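Chemist: Residue numbers (this note's numbering), protein chains in the order written: chain A, 3 to 559; chain B, -2 to 317; chain C, 138 to 752.
Be aware that a few hints might be false.
As the list claims (entries may be wrong) - Distance condition first, Cα-Cα at most 30 Å in a straight line; then the derived DSSO-like pairs of lysine-lysine:
no.	chain 1	residue 1	chain 2	residue 2
1	A	K52	C	K615
2	A	K274	A	K235
3	A	K48	C	K743
4	C	K387	A	K48
5	A	K236	A	K145
6	C	K521	B	K162
7	C	K521	B	K80
8	C	K743	A	K52
9	A	K236	A	K414
What the hints assert, rightly or not - Pair ranges (Cβ atoms, derived):
no.	chain 1	residue 1	chain 2	residue 2	range
10	A	Q193	C	E180	45 to 55 Å
11	A	E481	C	E472	49 to 59 Å
12	A	N95	B	S303	51 to 61 Å
13	B	A218	A	N332	41 to 51 Å
14	A	L240	B	S303	23 to 33 Å
15	B	N276	A	Q193	50 to 60 Å
16	B	R243	A	E481	26 to 36 Å
17	A	Q193	B	S303	39 to 49 Å
18	C	S320	A	L475	50 to 60 Å
19	A	Q193	C	S168	32 to 42 Å
As the list claims (entries may be wrong) - Listed below are several chain A residues computed to face chain B (Cβ distance under 7 Å; list not exhaustive):
no.	residue
20	H39
21	P40
22	H44
23	Q193
24	S230
25	N233
26	G237
27	W238
28	H239
29	S241
30	Q242
31	M295
32	V298
33	N315
34	D444
35	T456
These are computed hints drawn from the structure, not numbers from a lab. Computed from a prediction, not measured in an experiment: that's the story for all the values here. Think of the CB as a built atom: it goes at the ideal place given N, C-alpha and C, for glycine as much as any other residue.
Chain by chain, the residues:
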Amino acid sequence: MVGLATVFGAGGGTSSYEEVEHVDLMMLWGSNARAAHPIYFHHVLKGIHKGMRLIVVDPRRTESAEWGDLWLGLDVGTDIALSNTMAREIIVNDLHHRAFIELATTDFDDYVASVMDWTLERGAEVTGIPADVIREVAHAYAKADRAMICWTLGITEHHNAADNVLALINLGLLTGHVGTYGSGLNPLRGQNNVQGGGDMGAIPHHLTGFQEVENDVVRARFEQEWGSKINPKKGWHLSQMFEAMEEGELTALYVIGENPAASEADNQRTHKLLANLDILIVQDIFLTHTAEMADVVLPAANSAFESEGTVTNSERRVQRVRPALQPPGNARDDIWIIAQLAARLGHDWGDPSAHDVWEEVRRLSPMHAGMAWERLEELGGIQWPCPDDEHPGTTFLHGRLWSEDPAEQGRKAPFSVVLYEPPVDELDEDYPFRLTTGRRLDSYNTGVQTGEYTSPLRREETLDMSPEDAERLRLREGERVRVLSRRGEVVAPVRLALGLRPGLLFMTLHFPDQVDVNNLTIDAWDPKSGTAEFKATAVRVEKLEEPAVASGGGGGE
Amino acid sequence: MSQAVPLDRPRRLLDLEIDGRTTRAPEGATILDACRAEGVDTPTMCYAGNLTPVNACRVCMVEVEGSRVLVPACSRPVEDGMKVQTDTERVRHSRKLVMEFLASSVDTSLASTDWLRWMGEYGADPSRYGAAMEPMETGERDERWAGHHHDPDPTIAETVAQPVKVDNELYVRDYERCVLCYKCVEACGVDAQNTFAIAVAGRGFDARISTEFAVPLDESACVYCGNCIGVCPTGALMFKSEHDMRAEETWDEDAQTVTNTICPYCGVGCELEVHVQDNEIVKVSSPEDHSVTSGHLCIKGRFGFSYVQSRRGRDDRRPR
Amino acid sequence: MEAAPTAEERAAVDGLLGPPETGWVGATERSADDLRVVRAGREAREQRHLLLPALHALQAGVGWISRGGLNYVCQRLSVPPAEAYGVATFYAMFSVEERPANVVHVCDDLACRGAGGLALCGELERDAGPEGADAGGWTWVRSPCLGMCEQAPAVFAQRAGRPEVALGGATRETVAEVVAPDSAVICAGGVGAPQTADAGSRDSLRLLRRAGVVDPTSIDDYRAHGGYEALRAAYEMGPGRVIEAITEAKLLGRGGAAFPTGVKWQAVSTQPAGPRYVVCNADESEPGTFKDRVVMEQDPFAVVESLTVAGFACGADRGFVYIRGEYPLATERMEHAIGEARRHGSLGDDVMGSGRTFDIELRRGAGAYICGEETALFNSLEGKRGEPRNKPPFPVTFGVFGRPTAINNVETLINVLEVLRIGADAYAAIGTEGSTGPRLFCLSGAVERPGVYEVEHGATVRDLIALAGGVPRGSTLKAVLLGGAAGGFVGPDMLDARLTFEDARQGGYTLGSGVIMVFDERADLVDLCLRIARFFRDESCGQCVPCRVGTVRQEEALHRLVAGTPIGSAQDELALIDEVARVMRDASICGLGQTAANAVQSAISKLGVFDGGAA
């Protein structure tokens, strides 16, 4: 979200799902949407059947890649190298959109200078993709009438996540593929309401509606509405919080609906830090690993099925959720819990309904102002920005950039100089394999939710490996092996996967109780976005002579 | 500038006549659209708003002046000056016989209430083709070889009766309810999911919906999105929970509520219709006219709700 | 793991498609490049049209389509296995179960049944056990009409690893010879020259003038007999004038629908720019029809030339010939002719030095009557189940691969050569006002000399029967089936009916595909009705309800009548049969369902077959 907000001022994907059906060229970059965002991919498929050309950039040949007219299996973490090489190829062939660059962007010269040594040959050398293919893709993207780049965690779960995103945005600016129907730059949000969390201000430097917390005017409006002072300094993002715990600066933690004890990279460190807190409060629908460590657990109603409220999806559509079930036992709605907490802290907020809260959002956030509760119902959700009651919502963003009128155009979009840096966890003789992670279709995150239904597709955690590597290491399908990183180890059965090339391994994060893959991952994180590098871990694989017994977080059936 | 750009050309309005009444319909609309706009009740079976019409069931047939044969309303676009008759003896005869053909060969008892009403209104009597055949053995119909004849037994009417296929925990395939409307194949195929786990196999009356070599679903390409269930008009494809409750006679649609909410998984934001009976989710669907889903979901959205209910009565249970 | 193909299966498929290019489509090794870049997507999916040829390759090479074999084909062509299975199980020539290497299809249809077909089935049952049973590497099954009615009884044999064989005048001995492991039979000849109006003089022949005279394997001989003069003339005239000539000649389609060929070509030629196709419908499957087979066997270059003319006139640079799967000799001759035409520059990038491009691909059907329906044929060409499409849109705007397509049957096409040879006026002067030109008829059943006869439009049924030598001495004519199973029966009172489009329309009979099948007093009309009902039940594609269920209900009702166990009275059953007929005619998607009751209805109403209940 940081990259888009930096360049455009609004941290949301630019385009609607429906537009995807009318795109000429789609680059799916670091995203296995077929498995991770199946219904988004339905729109992609409609586009494909209407003639869209699909290019998939992913180290693995995924289910999504199988639909690609072209798949580029680049080396993990070389996305910036690829985009910079494409950029140079576009520029030296005069395929960039000069008029748009002139009209709507800044810092172009710096950008040009930064990509000029990314020749096709160097790009090929670093990424592993043949030079002629990079050239073909660069030309195709630049020449397409409507072109879109979509990405997911393959771009953002790196130590340089924000730079990765900026590199893709650069391509959009360079070719003018932003701000028009059918062209755009779209992150697919991995989790329900990640977008909404950001919209509502659950980011260290924003208040609701992407308004800067460090802006005095903005803050004054919120302070007036709330009748209380707001800390004028931006807060910590997740990785900074853990660092602050390490430093002893952060001693109390209130966790709502997250499970960091299972989901964070390098979880031995995470456990230690959580255990050292003065107080840990967990509000969740389950007694999660994190909740087990908590001093206070607040049982919550489920947000999708037992609560009233709104969420925002990846096309910026604010949608209403409604309670279909009564929550069990003492579980309570999140709003009620928070209001009660406020009361215990001496603030009487009464017993606000979701609708009451939403009215407050509309008062404070101009981009939500036109989203009356009833209109959200009528229109099946509304895409922000929606400034007034007549506004239909915004299907695509940044059309303003094309305006000749400076007032209407607003702030021009800056190019960003992004430098290629390889993954932090380097490969060497001891750790020669690149382990990357991702999702499977039927599972979700740490499996807390999906573990409860009987999926015929579900397999236990496996170490996915190319048949060539398996042969070289004399491993059979299903054979249990030890996987070691510089931080820890796990034991898992081998599964042969045709989508992987030699040297590349894959695991999910879905089965932490069985195989805790975050024993292996590195907590190197992106200073701009706070995202950890789940996607690039250096490991080695050892054949087990004897059947393994549970050890070090691994093992177990 | 950041507003939606209208893509479609403004559509011309065409003049046509339905049952002698003049009316107008936009260019590109079908006769069915025009009939529905006019309030002309038109029976359908294989039609669905979120799928390409296959016009296979032939129950929506109408007479169009100048056409030698009847015309499927669901797929024929209206033309300027078109004269449509929906209630002639010829139309009524065809509709009635199609209803009889289906009901005499397939168990349509779980079809929509509209369908059952139409059966009555058109005077369809499936029994006049003879006594229904005994169900075949499991798999027997799957082995019928195209063109290879089986002489009919003159004492019975052939049906597709056969045992239900239960090969997974999420949904069942009860092909004696299958009217071969092709909707599941379309939903599994290019109209939505593009998984192509099922197709029509065999030929003629022996045609059936099948995986390759009739393998169980877990050996097929099926990804359990359940979009086939979402479009099935006769209950041939059904949540296993519904199938089991029906078997136990605890299924009670009158006691159910349907609540719209948003799927709790990935960030796409799919609209769910949650069907609840006795504070338990018994089925999940999606509205076919919603721009995000067009009525289609993935395995998590359609079946992944159990975690909410797993807390009931065992709140202290640790999740996996 | 997915079922893997055997080496034999790989070889069979690779024989058609060449070896796989990457590890993603079946190569056993994956190269480093394979693991970096894959080109797939649309390009890969567009190979779907090769599905039937690939299934044929498996079936012919290995004798059946196994899971491993099907998977391999699917991998090569980017087709989902369930879809491919749906296609494989649609066609009677494909088997998805292991079966004996040699399968003999014995025709027990209308013409063969009384002419030794049923007797042969009985003998084979005694020799080899029931249909489908393994009799030591071979088996036999009953078959619908094999298009060799003039040589009844006919059989067609699929032999794994060896060429398929069609045999006329089959006996248990010749069947044994065909299936023997050391069989020397490659493709049964025995197809004599077609019967002509006057055995002494061939001068009056136009469509058949080369048949039996020219060497069907020699393009030089074809040229020596006037071949490629029509194409040369067409090039001189230009496409517009060719279409004009065809229109002025009033050439009507001979496939059954009698649509004006000029109108069709005009419509295709005026479509917006983009790929267009011409298709020769050689999927001759109407019971009793064999004229197109004879033409293709005897004068294959004429089909190639006329399709080239069609391509030129319509602005198509690619043509398909979709030939019936059970026609091995015609397939061989057509394949050879296309190859020869390519070698001689009569097909390819520079046809006859004109700078124009045109080429033809031959595609085989696989045992499905419905694929003679033009839109079903398109689907089959595209590698799909042969299910007809709803019309509109019509083929001239939305044909094969969704592109404008002119589709004509074999006989129609070779008439084009005649129009160009003698001129539109001269052609239009032949025959009658409403039915111009010559016409081929297929005489079979109770006549002395069954065969293909060419006459000018206007001849009567009696004329044709006389040409074929009349009914055998001592027999009496009882009924004639005109137009095949989709046509109808007439009684002896109709012998003077003229065989023109206008007379047929007026008189309530049909010329269909030119079938004149004669039955004498020995024929059991009830049995024939049952056979026809069975034919439609077996050949219905199953897509639409009126036909899928209607053909079953029609057959059941007939069986109840025959068994003497009607529901209600016999009259009630006849009324029910009539109701079923109406919905099939009114509401079916295609001509199959719309005509599936015709013959039975005509037998009831014109011949009184079920008068007084069961016969």
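Chemist: So, for every hint listed, does it hold in this structure?
Modeler: Each hint, compared with the structure:
no.: 1; hint: A:K52 - C:K615; result: 58 Å, violated
no.: 2; hint: A:K274 - A:K235; result: 28 Å, holds
no.: 3; hint: A:K48 - C:K743; result: 54 Å, violated
no.: 4; hint: C:K387 - A:K48; result: 45 Å, violated
no.: 5; hint: A:K236 - A:K145; result: 42 Å, violated
no.: 6; hint: C:K521 - B:K162; result: 27 Å, holds
no.: 7; hint: C:K521 - B:K80; result: 35 Å, violated
no.: 8; hint: C:K743 - A:K52; result: 53 Å, violated
no.: 9; hint: A:K236 - A:K414; result: 25 Å, holds
no.: 10; hint: A:Q193 - C:E180: 45 to 55 Å; result: 35 Å, violated
no.: 11; hint: A:E481 - C:E472: 49 to 59 Å; result: 52 Å, holds
no.: 12; hint: A:N95 - B:S303: 51 to 61 Å; result: 54 Å, holds
no.: 13; hint: B:A218 - A:N332: 41 to 51 Å; result: 44 Å, holds
no.: 14; hint: A:L240 - B:S303: 23 to 33 Å; result: 29 Å, holds
no.: 15; hint: B:N276 - A:Q193: 50 to 60 Å; result: 27 Å, violated
no.: 16; hint: B:R243 - A:E481: 26 to 36 Å; result: 44 Å, violated
no.: 17; hint: A:Q193 - B:S303: 39 to 49 Å; result: 19 Å, violated
no.: 18; hint: C:S320 - A:L475: 50 to 60 Å; result: 53 Å, holds
no.: 19; hint: A:Q193 - C:S168: 32 to 42 Å; result: 38 Å, holds
no.: 20; hint: H39; result: 5 Å, holds
no.: 21; hint: P40; result: 4 Å, holds
no.: 22; hint: H44; result: 6 Å, holds
no.: 23; hint: Q193; result: 6 Å, holds
no.: 24; hint: S230; result: 31 Å, violated
no.: 25; hint: N233; result: 29 Å, violated
no.: 26; hint: G237; result: 23 Å, violated
no.: 27; hint: W238; result: 23 Å, violated
no.: 28; hint: H239; result: 19 Å, violated
no.: 29; hint: S241; result: 21 Å, violated
no.: 30; hint: Q242; result: 23 Å, violated
no.: 31; hint: M295; result: 13 Å, violated
no.: 32; hint: V298; result: 16 Å, violated
no.: 33; hint: N315; result: 3 Å, holds
no.: 34; hint: D444; result: 5 Å, holds
no.: 35; hint: T456; result: 4 Å, holds
Going down the numbered hints, you'll see the structure goes against 1, 3, 4, 5, 7, 8, 10, 15, 16, 17, 24, 25, 26, 27, 28, 29, 30, 31 and 32, while the others check out.
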